[in-house]
Amino acid sequence: DAKTTQPPSMDCAEGRAANLPCNHSTISGNEYVYWYRQIHSQGPQYIIHGLKNNETNEMASLIITEDRKSSTLILPHATLRDTAVYYCIVRVNDYKLSFGAGTTVTVRA
Amino acid sequence: NAGVMQNPRHLVRRRGQEARLRCSPMKGHSHVYWYRQLPEEGLKFMVYLQKENIIDESGMPKERFSAEFPKEGPSILRIQQVVRGDSAAYFCASSPPWRGNLAKNIQYFGAGTRLSVL
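Sequence lines, in order, name chains A and B. The numbering used here applies: residue 209 is where the first sequence begins, and numbers increase by one. The numbering used here applies: residue 4 is where the second sequence begins, and numbers increase by one.
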C-alpha cells in the first residue's frame, strides 16, 4: 500500500470547518483513500473513502486532487466530540488496514 | 443493528496466565480481523478469519497467540502464558462478505479489549 503523510497535530475552533490534509504521492491508480478516526479509548471509526471523485456523507467530505497525490478530509462544523486521532489510509485490493501515526485533532471551545 | 461487540472491555492478568478475548461481529458479517495497538502506537494487523477458517495470520506472534472463529459463537483471540509486553489494546473488526474489490470492503471496529499484564 502507498504510504501516507499527515501532520502530527492540529487545532480547530468549535463550529468551524476542520480541513485535514493527507499526502499520498505514491498512490497507484487502483488504491482507495480511506479515513478513520479514533476517539480516546475507543475503537477506530470509519468515516469515508473514495477513489477519484470527491465524496460526501453525513460525517464528512473527502476531496481528492485530480492527480490523486493528496486529499483533504473536511469536517464541516467541528464539535468537541470530533476531538480524535484521524488516520488517512490508502488501500489496494487488500484486507489489511495499515494505521500510521495519524493527525491528533483538538477541537477547542 | 448492533455493532461489533468485544468483551471484556478490560482484562487484567498476571504473568503466566491465559487471556481470552471475545469478538462478536456485526450481523451479517462473516469476516473478522484482529488488530493490536501497543501504547503510543498505531494499530497493527494480527489475523483475518472467516467462519471456521484462518485466512491470514501473518501478523500473529509465532508463539502463545491463537485465534479461532467457530461456526457458532464469537471469534476468540487466545493468549497463553501472558507476559508484560502483551499489555495492549486489542481490537476486532468485521466486514460483510467480499464483493469485488477488497478495497471497497469496509471494516467496522469494536471498542476493544484493554489487556493489562501485572
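Think of the hints as simulated: they come from the structure by calculation, not from any bench. Using N, Cα and C, we set each Cβ at its ideal position, and we do this for glycine too. Be aware that a few hints might be false.
Derived DEER-like restraints, expressed as beta-carbon distance ranges [claimed, not checked]:
hint	chain 1	residue 1	chain 2	residue 2	range
1	B	GLU75	A	ASN227	43 to 49 Å
2	B	ASN56	A	SER233	35 to 41 Å
3	A	ASP219	B	PRO42	22 to 28 Å
4	B	ARG25	A	LYS277	20 to 26 Å
5	B	ARG81	A	SER236	33 to 39 Å
6	B	ARG12	A	TYR254	16 to 22 Å
7	A	SER236	B	PRO64	19 to 25 Å
8	B	ARG23	A	ASN261	19 to 25 Å
9	B	GLU75	A	PRO216	30 to 36 Å
10	B	ARG25	A	TYR254	33 to 39 Å
Here is what the structure says about each hint:
1. In this structure the hint that GLU75/B and ASN227/A lie 43 to 49 Å apart at CB holds, the actual value being about 47 Å.
2. At about 37 Å, the beta-carbon gap between ASN56/B and SER233/A stays in the expected band of 35 to 41 Å.
3. Distance hint for ASP219/A and PRO42/B: a CB-CB separation of about 24 Å, consistent with the stated range 22 to 28 Å.
4. Restraint check, ARG25/B to LYS277/A: a C-beta distance of roughly 42 Å breaks the suggested window 20 to 26 Å.
5. At roughly 37 Å, the beta-carbon separation of ARG81/B and SER236/A lies within the given 33 to 39 Å, and the hint holds.
6. Distance hint for ARG12/B and TYR254/A: a CB-CB separation of about 20 Å, consistent with the stated range 16 to 22 Å.
7. Evaluation of the 19 to 25 Å hint for SER236/A and PRO64/B yields a failure: the beta carbon distance comes to about 31 Å.
8. ARG23/B and ASN261/A have their C-beta atoms about 44 Å apart, which leaves the hinted 19 to 25 Å range violated.
9. Separation of GLU75/B from PRO216/A is about 45 Å and departs from the stated range, judged on CB atoms against 30 to 36 Å.
10. Here the CB-CB span from ARG25/B to TYR254/A is close to 22 Å, at odds with the stated 33 to 39 Å.
The structure shown violates the earlier hints numbered 4, 7, 8, 9 and 10.
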